[in-house]
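**Student:** Note that the sequence shown covers residues 1 to 563 in our numbering.
By construction, these hints were calculated from the structure, which means they are not laboratory data.
Predicted model only: the values in this text are computed from it and were never measured.
Just so you know, even glycine gets a beta-carbon here, dropped at the ideal spot from N, CA and C.
Errors might be hidden in some of the hints.
[To be verified] Keeping only pairs whose Cα atoms sit at most 25 Å apart, straight-line, the calculated BS3-like set for lysine-lysine is: (1) Lys381 x Lys310; (2) Lys82 x Lys23; (3) Lys310 x Lys264; (4) Lys361 x Lys82; (5) Lys437 x Lys381; (6) Lys361 x Lys282; (7) Lys82 x Lys491; (8) Lys264 x Lys361; (9) Lys361 x Lys437.
[What the hints assert, rightly or not] Estimated spans, in silico, between C-beta atoms of each pair: (10) Asp348 x Ser478: 45 to 53 Å; (11) Thr417 x Ala518: 40 to 48 Å; (12) Ile243 x Pro354: 42 to 50 Å.
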Amino acid sequence: MTELIYDQVAALIATGLQAAQKKGALPEFKVPAIVIERSRQPEHGDYGSPVCLRLAREARMDPREIATRVVAHLPPAPFVNKVEVAGPGYINFTLDTAWLAAQVLEMLAAGEHWGNVDVGRGQRVQVEFVSANPTGPITVGSTRNAVIGDTLANVLAAAGYDVEREYYVNDAGSQVRHFGESIYARYAQALGRAEAFPEDGYHGHYVVEMGQKMARQYGNQYLNVPRREAMRALGAEGLRRIIEEIQQDLTALGVEFDTWFHEKSLHESGLFDRALQMLRDKNYVVERDDAVWFTSPDLDTDAVVIRSPKIIPEPDERPTYFASDIAYVWNKLVERGFDTAIYVWGADHHGDVPRVKAAAKALGLDPERVVVILYQLVNLKRGGEDVRMSTRRGEFVTLRELLDEVGPDSIRFMLLTRTVDATIDFDLDLAVEQSEKNPVYYVQYAHARISSILRYAVDLGQDQEEAPGDVSLLTHESELALIRKMLELPKVVALAATQLAPHHLTFYARDLAAVFHAFYRDCRVVNSEEPERTRARLMLVRAAQLTLARALELLGVTAPERM
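Based on the provided sequences and hints, a complete structural model is requested.
**Tutor:** As structure tokens, this is what we get:
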């Protein structure tokens, strides 16, 4: 695991504070958590800390004087070139250029583990995402869910968590019956029967296609059995086919799951009944209007758990989605023992968040172990106009159509170019444009350019395995700027993991590509007249390739060697 330079600077300040106290230069007080910030202006060094401003009251001293005394008691550190007191009491650090150059060797030695940190310390985390109803193909909205969840899982794993990915299959309740009725109607119609389409049916053209396929496969078989039995059988087959299609499309997007968990298992196993009884025993359940309600002081209103038979005649359709949520959170946190359960939901589910947390608390669990990420909608654009209709299915744009048009890399990168709580405009024209305006093309082109440089060097006989470079020759400002930017990867991973905000990776990848392009502009890498400097720069370029590839890998985006 990589030690963050932020942590090293913070530890140095803490040592200076404690040394100043021990020498009597500062009074005794508890050393607080030390915040380290990346300096925005080069004249302020590389990193700074405002900690002394926070200590003024406890030390009864001017912050600048505190900072001066801390700096006077700092021990030497190999990564520090200069320390200055600035403004009202900031401590600014400038990194040593020789130490910076040597980090190229550290990155290359870390290899595929470069950028990994140990924030999670092995905690077991489940990320449950996508979980779209298996009654239709993945839509663009659920595609954003997939990208957020999968990238977050990648980041958490790189940050030292033990991560499991899960897809929750909603295969219980009335929606399954409605889906079976819809397929049966289209199946019967395909065979020439004048079958009325159910009022609550699924109207998508994909249901028509599925009915036609089943008609060709089964002929009149399901017209000759009891109607309800036929609907159940065709509905079950339809669910199986949709789930298979979802799996194929998500695989094409680069998303794989460790577990496909079926909602109906919560009821068939008896877990829901046991969880409901636990809530009854703790007086969190009330019955009125022939329905069963969950009540909690943490909620403004009670939530229906089991609907009245007067409203829902079918017994297996009376439990609500929330009923399954109650059993599911117990299954996650108790039966399977995850330390944290992360749910990725659309913003339209914001009202469900307090209910699930309240249910967890009522079951005796820490509601902080339940974390819900809410994401906003996706608007598709073409030529500056909204894309409202699918060209093939006629009612919505699917993941498969998006994959066919722009490919998985553009989808994954561009859906993470905004924070999850912001609506995102996905420009279909920009997604396939081969220019620096296209963010994924810009970043991938940087990696391809690096690969081209390394191939060119090999063609000229520059074999780094036999003659590695002397990194102390890396002193040009553009070389050092590139190293500084590469050193930020571990911090970006830690930040994305702790904030559950994977967009930090796309921002970083674009910044890194820009810094590399500037280096390429300013520094000739392969120069036959300067063989030693060439070898040093080739090592830097290899480290840049590794860092950029790691960022893209975490995003689930390919790192092409040719474009």
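**Student:** Hint by hint, say whether it matches the structure.
**Tutor:** To see whether the hints hold, each was checked on the structure:
no.	hint	result
1	Lys381 x Lys310	violated, 46 Å
2	Lys82 x Lys23	holds, 23 Å
3	Lys310 x Lys264	holds, 23 Å
4	Lys361 x Lys82	violated, 51 Å
5	Lys437 x Lys381	holds, 15 Å
6	Lys361 x Lys282	holds, 11 Å
7	Lys82 x Lys491	holds, 22 Å
8	Lys264 x Lys361	holds, 24 Å
9	Lys361 x Lys437	violated, 48 Å
10	Asp348 x Ser478: 45 to 53 Å	holds, 47 Å
11	Thr417 x Ala518: 40 to 48 Å	violated, 21 Å
12	Ile243 x Pro354: 42 to 50 Å	violated, 30 Å
Hints 1, 4, 9, 11, 12 from the earlier list are contradicted by this structure; the remaining hints agree with it.
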